[in-house]
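> For the protein sequence lines, the chains are A and B, in the order given.
Position in the first sequence (from 1) plus 474 gives the number in my numbering.
Position in the second sequence (from 1) plus 7 gives the number in my numbering.
Source of the hints: derived by calculation from the structure; they are not laboratory data.
Please read these numbers as outputs of a predicted model, since none were measured by experiment.
Careful: at least some of the hints might be erroneous.
Unchecked claim - Partner residues are not named here, just some residues of chain B that face chain A (Cβ under 10 Å, in silico):
1) E86
2) T108
3) E133
4) L164
Ideal Cβ positions, reconstructed from N, Cα and C, are used throughout, including at glycine.
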Amino acid sequence: MQLMVDRMKPVYILNDNFITSLGFSTAENIAAIAGGAIGIRTMNDPVLYPNPVSLSQVDTAQLDQKVSDILAALNKNISPESFTRLEKFFIVSINDVLRNSTIMPGNHRTLLVISTTKGNINLLENRYKAIFSHKRLYLWELGRVIQHFFGFANTPVIISNACISGLVAVMTATRFLQSGAYDQAVVTGGDIVSEFVISGFQSFQAISPAPCKPFDLNRTGLSLGEGCGTMVLSTEPGPSAAQMIRVAGAATSNDANHISGPSRTGEELSWAINQAMKQALLTPKELGYISAHGTATLFNDEMESKAIGLSGLAEVPVNSFKGYWGHTLGAAGIVESIAAISSLRNNILYKSAGFKTPGVPEPLDIVTSNRPAELTSCLKTASGFGGCNAAIIYQKD
Amino acid sequence: MDRFITSYSRLHDNKVIVNGRLIFYQENIIKFADFIKTVFKQEQTVYPKFYKMDAVSKLGFIATELVLKDAKLAGYPGESVGVVLSNASSSLDTDLAHNETIRDRSGYFPSPSVFVYTLPNIVIGEVCIRNKIKGENAFLISETFNASLLHDYVSELFNNERVEACLCGWIEVLANKCDAMMVMVEKEDHCRNGGASGMKPMLFNAENLNFIMKRN
Chain A
475 MQLMVDRMKP VYILNDNFIT SLGFSTAENI AAIAGGAIGI RTMNDPVLYP NPVSLSQVDT
535 AQLDQKVSDI LAALNKNISP ESFTRLEKFF IVSINDVLRN STIMPGNHRT LLVISTTKGN
595 INLLENRYKA IFSHKRLYLW ELGRVIQHFF GFANTPVIIS NACISGLVAV MTATRFLQSG
655 AYDQAVVTGG DIVSEFVISG FQSFQAISPA PCKPFDLNRT GLSLGEGCGT MVLSTEPGPS
715 AAQMIRVAGA ATSNDANHIS GPSRTGEELS WAINQAMKQA LLTPKELGYI SAHGTATLFN
775 DEMESKAIGL SGLAEVPVNS FKGYWGHTLG AAGIVESIAA ISSLRNNILY KSAGFKTPGV
835 PEPLDIVTSN RPAELTSCLK TASGFGGCNA AIIYQKD
Chain B
8 MDRFITSYSR LHDNKVIVNG RLIFYQENII KFADFIKTVF KQEQTVYPKF YKMDAVSKLG
68 FIATELVLKD AKLAGYPGES VGVVLSNASS SLDTDLAHNE TIRDRSGYFP SPSVFVYTLP
128 NIVIGEVCIR NKIKGENAFL ISETFNASLL HDYVSELFNN ERVEACLCGW IEVLANKCDA
188 MMVMVEKEDH CRNGGASGMK PMLFNAENLN FIMKRN
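Given the sequences, and given the hints that come with them, work out the whole structure.
Below, the structure is given as structure tokens:
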């Protein structure tokens, strides 16, 4: 028997949270960037990395305090130190969305989707070997810890697809909700900065010595960041206007060109953008805003400008949030989606931090100061190692 | 609409099975690198980039070569083909190699050619480069082979008309132990010449994915 499925069934974002160096909630982060705060600093922490390095880090003292408070409030007799740094991110972020919604983790119709690139990779360091079991390095074990902490009935779906992981998690949840298999979903993504990741990106000479400058002529590479973002998705809208924004289109693609360098033409990202636009029934003229991947590496930003041009979106305002809190890897797609959705809710375009002088081959309308704008839709893009690209459209009802 | 598995490969315990036929078995190979190199040579594949790949990418690459030998991708635009893979240990095999390069602060030697493989989806990139595949891609992690999850994920790609054909599978390697399965999924109307691979197309469902995994 063929199950009748409504592919156009809308999927709404009911509420959200994200954590970066600039705050522990969506409201704190958005207030910080509205005030022009930058969370990227030169860190001189020999335990983390042998040399000083420019990073965006979540405040550890505040993180630990929040985890202790949550454990007390939930009457859980567990030491906060039985959780890894990344697990603490997930606990704080998911707790915040659950507290503010009616979603029931224990319901079999509630899906949990987790995205991360490296999970608890810091557990490879000697200092953690005596504290955590080797098993905790596996992403499914990280998923199990989160599932059991909140009592989710379903085993989480875990996505690890480089820097597009967060967007793949959102589209996976959306498609599974549209298939009729679930009614609500918690979609969460997180990654930490670690010696493992810093040393790798340093070996590529990809890390900027100063806060990154997406799309700028004088950009000198990316800034690594850490963070976590969580969204509650539902097939029913919420009562407030803020809860009537939906996932209107989504697609991924692959460059089939190089495992560590982006497409030379941008055609493949452009294809994913076009598929998402088509699904959302949007024409280029109707799109209000683009939240780009904008890592501030030479080649990523070049490729994105070409893709945006190819899709006929050169006149649409664009920003990158990475100038504020760096590249949060597996969290980035979700964190930046929530920031972009905040733009839609508040009808404000936030400036692309670090940008001064145009420095990409195709013209882009980069947002250079915070300004009001009547927005009904936005496009979020991401690209990553392995040649992957992703595009999602968020739209007001 | 029904979809079909039109070709498959299985690699584990020094065995290689394609569409139900054992095409390679050699006792006493201890290292994964030796096993996969021997299979690569037996297949007479010419692809120098193979030697630069990490273990997960080599395994996924060979598993795909074996599947596409009979079930040709010709006729599908690159954008219409998807790749959805999964495993249990992500890129841990290569993570440990990168970690070796940073264990000693006085002898730091991290290398981009190792670090780039510390993501599980790099194998998807390698498969896409080799076969000019440009469509949907995703890498999912689960503790053990999860046929329903793979089936549901790939089915949604077909339902959303994102793909016309899709490679899907399980590509697991850690510490010289490998376990791989790759299948080619196509729509009904592409199966009329289903005899080409020497295999009668099987309905694409979780039961058949589990059957291929366990019976081969």
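> Decide, hint by hint, whether the structure agrees.
These are the hints, each one checked on the structure:
Hint status for B:E86: holds, given a least beta-carbon distance of 6 Å to chain A, under 10 Å. Checking B:T108 against chain A: minimum C-beta separation of about 8 Å stays under 10 Å; hint holds. This hint holds: B:E133 has a C-beta 7 Å from the nearest C-beta of chain A, less than the 10 Å allowed. Here the hint on B:L164 is kept, as its CB sits about 8 Å from the closest CB of chain A, short of 10 Å.
In the structure shown, no violation is registered for any of the earlier numbered hints.
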